[in-house]
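Q: Listed below are the residues making up each chain.
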Amino acid sequence: MAKPVAGVLGSFVHIDAATEAIRALRAEGRTGLTVYTAAANHEVEEALGITSSPVRLFTLIGGLTGCAAGFGMTLWMSVDWPLLVGGKPIASVPPYVVLAFELTILIGALSTVAGTLILSLLKPTTGLAYDPSFSDDRIGIFVPVGPEQAGSVERLLKTAGAVEVRRED
Amino acid sequence: MATLAHDAHTPTQTHAEVTRDVVNTLGTAGRGYFMLLGLAVAMFLVGAVTFVALLKYGLGLAGYTPPVMWSVYITTFVFWIGIGHAGTLISAILFLFRSPWRTVVYRATEAMTVFAVMTAALFPIIHIGRQWFFYWLLPYPNSRYLWPNFKSPLIWDVFAITTYFTVSSTFLVVGLVPDVAAARDKMFGWRKKIYEIASLGWKGTHEQWRHYTRAYLYLAALATPLVLSVHSVVSWDFAMSLVPGWHGTIFAPYFVAGAIYSGVGMVLTILIPLRKALKLEHMFTEYHFDNLAKLTLFTGSILFYAYAMEYFVAWYSANKFEQTSFWLRAFGPMWWAGWTMIICNAFVSQLFWFKKIRTNLTALFVISIFINIGMWFERYVIIVSSLSNDFEPWAWGQMNPTWADWGILMGSFGWFGMWFLLFARTFPVVAIQEIKETIPWPRLRKGGH
Amino acid sequence: MTDESTSEQIDRRKFLKVLGVTGGGALALSGCSTDRVTKLIPYLVQSEDQVPGVATYYASTCTECHAGCGLHVKTREARAIKLEGNPEHPVNAGKLCARGQAGLQGLYNPGRLKGPKARAADGSFQEITWDEAINRLADKVGAARGKIAVITGAAPGTFSDLLSAWTTALGGQVVRYHAFDHEPMRAANRQVFGIDELPAYDFAKARYIVSFGADFLETWLAPVEHQRGFAESHGYQDGQMGKHVAFGPRMSLTGMNADEWHAIRPGSDAVLALAMANLIMSERTGAPADANGLRGVLAPHTPEAAAQETGLPAEAIKRIAREFASAKPSLAVAGGVGNQHRGATELCAAVNILNYVAGNVGQTVNFGAALAAGDGYGSMNDLAKRLDAGEVTVVLVHEANPIYSLPKSSKFSGKFAKATFKVSTSLFLDETARECDLLLPGHHALERWDDARPRRGVTGLMQPVMQPVFNTMATGDVLLKVAQRLGGPLASISAPSFEAYLKTAWQTQVPRGSDFDTFWRGALQRGGVYGSAPATPVRLAPGAQQVGYHKPAFDGTETAGDFIFSAYPTSMLHDGRGANRPWLLEMSDPVTKITWHSWVEIHPDVARDLDVQEGEILRLTSPFGSIEAPAYVYPGLHPGLVAVPLGLGHTEFGEYAKGRGVNALDLLNGEAPGGFLPYLATRVSVAKTGKYQRVAKTEGNVRQLGRGIADALTLEQARSGVAPALAEKAGGHEGEENPPREVAALKGWREEQQEEARLGAYAQDFPKWAMVVDLARCTGCSACVTACYAENNIPTVGPEQILRGREMTWIRIERYYEGGESPGEPLETRFVPVMCQHCGNAPCEPVCPVYAAYHTADGLNGQVYNRCVGTRYCSNNCPYKVRYFNWLAYGQQAFREPLNLQLNPDVTVRARGVMEKCTFCVQRIRGAQNQARMEDRTLADGDVVTACAQACPSSAIVFGNIKDPGSRVARLASDQRGYHLLEDLNVRPSVTYLAKVLHEAEG
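Protein chains in written order, with this note's numbering: chain F, 1 to 169; chain U, 1 to 449; chain G, 1 to 1003.
One should not assume that every hint holds.
[Claimed, not checked] Okay, derived cross-link-like pairs now, DSSO-like style, lysine-lysine, Cα gap no bigger than 30 Å in a straight line:
#, chain 1, residue 1, chain 2, residue 2
1, F, LYS158, U, LYS203
2, F, LYS3, U, LYS193
3, U, LYS186, F, LYS3
4, F, LYS158, U, LYS186
5, U, LYS355, U, LYS279
Read the hints as simulated data drawn from the structure, not as lab findings.
Using the sequences and the hints given, assemble the complete structure.
A: What follows is the structure, given as structure tokens:
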């Protein structure tokens, strides 16, 4: 467990209160907020002004790689040792489409998952204050601030409607 | 569906209640559960012993009677693959369609998919003559400098099934992560530790959600064509050959429809007892079963059409071989199997035109059993009956299954049941976070969003 | 067909090998050792005729029946692995029937006696040494004071001479006993021509053949010779084709090969022959002058009278008589065992007359050959009486099994038991040996020296081709040793060994101006000396005036609902001697396609009336006994008949035979008067037992459903060059052909494929192996199937597996029926040998995931056993269903010791879980190619002969390189009768079938 990050953790019951708090914090120019929810939520995303994830690139690249691998493997392996079956061409594309397709899906899917993991690891959550209720029915907002400014943040969260505010240091 | 959904499906619970109810299902199990599990394991052992016998003495123990070179094992293989499809349909395709009723059922069905595919994947190994060489079907560098024959539909199968298993289990695991985290936060002691690890450090931060939702969408997008391809490929094992009764262009769509039909049947068979056992009646409501029944009706009707087409085309083609094959399918030595398939699949599903039946759980359960039987027989008829009488009349022959056939069949059900039961007690069988997504959060001020 | 071309080839190749023969012989004789080889020792001094990996051929003679066919025994590493016909031999000219080939399984039979045995006080058999055994025999015969009898089934030859000399010297009596001895024919020849012998029949010459129940393709006299002749006469060649009409109560394989088969009332055929003779006499002048004396005798036998008796329309009789007379020469034959009713002698006499008046005697019926025969049933009965009267104390039984082959009702075993000391030289513990006191198991014919005189002018030699499998001794040596020991009357008979005795006997034959050694070696290489007997011209004897017809009598009182019972011999089991050979038991009977067990044939109408289904066990009861066997509904029967095959129901004779099936002889009258045992002479009642037994048959659907599998042309069509596909609608599309555009498209597509496939080895120029099967010649005899079993190490699987359709017949004979569905419509049978078609567009190949099935560069459809994982997809996709899967390690139970010694080292014994099939004998192809390479020449047409083609007695199968325009296969494949099975599937088979040719149905 890495050393805890200093800051203030606010816990909300109401979505509108939480989003209001987020907006206020961003208006104050506070960065590095971490918002915990038990389920994906559009209002929170809007409030944070989140752009959509680059995970799609992994999917695309993986898929294309798979497709190429599929055709490459089948065609090369066919001519590597030419064996005639059923009077068909040694390397015939139509049957190989099936394999190319399956590999497209397979590698595409695996790279998508890989992508998600990598991207998530770029923003490690270790050391950030967390409360088990966030996976249940609470919305959590963690604001990383030094002790000198913590007071104002606590006040802001309370006025926004936080049911509980905790200071981490 | 979507329009009908909102009035029918107004969430009755708060976030906290959802977490509580679902996490409660992970509690310690009762006697009934262990008796079921014991039964499943016993059935699996029967299958295992049979398999050992096959290894020792050879496939001759089964009822194979040339020209019927494939029979119960391949039938059961196709049956289980088919079962899998409903799961992916509900979890992936309906996700893309944003149909609200899938949310509650999809976790159970996705699990069913994974275990069904795990079961099916055993059969290509069980049914071959030299099971210990099954890996020769994989393209790996070897001293013979020999690669597999990619023109063979069986190799397509290998790739399709591997892909299907990998993707659908990934999909299941990905979906599980936030729920495991939720469970983790409700647990204490050693159990907490386990879920701690299983949750991969999930905290539900907005960043995690940001990538997660996207990834989930793309997985669904990939799984959708996949599920359609897998059973098409399986159908090509037959359609690519020239056996009368197999050699048909409608096979791919026909098999996919059949697969989903059988899968939904199995979903009903599983969910109806499950909701009781896990006390989740208030979550799996009439609304969900009604929709499942409609899906059954839809795919069942496609089957009805496909059956009719098969016979029509056989007649219209004026091809002696096709005509004989289908005549014997209906009136030959296997007429009983042929009619079981048509009645259980084409006709029984038509009962779902009536809402009374769609919403009557007992009726649903009984019908779902018929569907399972009917779909097993569909494959049995297509495979065995077609092979029994193909081109060379002198070579015609009828086969009768033996204990070795039934042993493996029973084993496959045991194997499937075993895994599903273990899953149902260890992981949330209802997708906590996805339900929560559909429940509006409490607000301080009215109106707003 | 293939003979000339191939025989030269074979000879040139085998000449050197056969040279080494005497060395090999010496080697073989030197050892009677019982100690098995326990460790392998490399040759220090390599014996000149044993090159490891190279086959050595020895010439020998077949002893499975009395036809005396010549053999070439293929040996590898000093053990016989295959029997093939000797191309030089006048009787079989390189061909061999299933029974002859299965002689190998007599040599390696697990049921063979491993050494001499004597009955102990407690009645059990104790092993003894040969010295002991010979002492005992010597003592007994010495003390017998002439009260000695010998029952021998040995063919005429030096051994038989020794045996009779030995016996007579002791004052004993020899009875030469054959179960099927054709006594009626000889009696009739005595009566009509005053000559007591069996003539040779020239089927090849006959342009019109009428058979009165003589199964000349199965067991009658010399089947292989007859089949060769029949194929020449009846096979279609340049617009010509002989005709064959068969009369008889049961349609045997011979009947199935007839253009017309007429079911006549059992036993009524004599009057038919007389009526035909009568008509010919009254209508034609061609008959020999002395035949005119017969007019009076024949006059009462009008076609109408015959129609009355036989149940045939008089018109048919007249028509056939006229056709018979106008075809010159023609041939009528009678005297088959299956048709041996009380009037058999009358019948044979009548047929003699018929042949005589038609001028066939001297043309197709040639006296002078004097085919080998025994002393007949009568003398056996006399012996039985003497045994009963206790006039015989010592009996020696050699190569005969009377206790089995005589009906129980003859009570022979009881009479036999009265002899105080009984000796058997049988190789097996058969029913007779079981009753004996001393067992002196002899050598198998392939382990000993001997010769055989199947007919005048032909002497075949036998030589040891390998060390004896067990501690046995040639009976010839036994006799000589006994003679040595006893001296006295036997003193005159003395030789160091039977080999020496044989050579001495042959000294007399040495032609002028050549020394014995050259002569002897030459004879050994050729397998004997083959001359031709001077023909004995015959004239009608006074007895001819006595020919006539009497309703034959049948045992048992005539009651409603009873049947006449026919016990007939099958081409596989013969008189029962085949019953311990797994090959012959597994080989489906050519007519009924049933394996491994007995059956009762009943007519479909009767089955309907009695409500009998196939497989229902019926009890047949005659005044002499009763048997139970499953029913087989067979349309080729007179409705008044039920038939059961002979040869099974052994109570001893080794594990394969013991307790298998029922013995049809149990229903026969063993004390019937007359000089022969009537096999068609009892009435039986048929009772349903309500029990069922699935019939272990390889028969599938017997109708080809217009699928163009067994195509046929009428003689007219064949002459006018109509293609089979047009003559008979083949395949799926009702009455429509592919339009030329489609045909062209298909062709073009095919060529493109070939272009794209030109890679690696496929780019080079290789031969393309192909086969042609002439259905106009094939008789369905199944010799090819046995040859395939022997060549390719095919395991027998046993009845249980055959019930699951798992027989491993790489080549199978499909038997389809045409017609016979409406009453009066004639039933036609078509045989199609089906083996792997080695398709150009083989559907089995692309579906194999591991390339176990692939196409070789020389056009073979390869099957790599070691690569096969057993998905069986290839078999599903094979339209001909010629791929066979090894379900349960069949090899292990099929080839257990010592049968494993018969395995062909050039062919893998396939493992369990692997797909196998016809390879076009690829080992022979590669062998020939290597041979050619060693001799630095290119392959010539006929260098490669597959096992099936080699064996086929009618030469219906031709194999070769179809790319070579000069090859016979290329020529025949382009014959206008040529077609492919299921042509519409466009799989491009390498096997071309030549459509059967039918005589237009008349009258």
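Q: Evaluate each hint against the coordinates.
A: Taking the hints in turn, this is what the structure says about them:
| no. | hint | in the structure |
| --- | --- | --- |
| 1 | LYS158(F) / LYS203(U) | 23 Å, holds |
| 2 | LYS3(F) / LYS193(U) | 21 Å, holds |
| 3 | LYS186(U) / LYS3(F) | 25 Å, holds |
| 4 | LYS158(F) / LYS186(U) | 27 Å, holds |
| 5 | LYS355(U) / LYS279(U) | 25 Å, holds |
The structure fails none of the hints (numbered hints given earlier).
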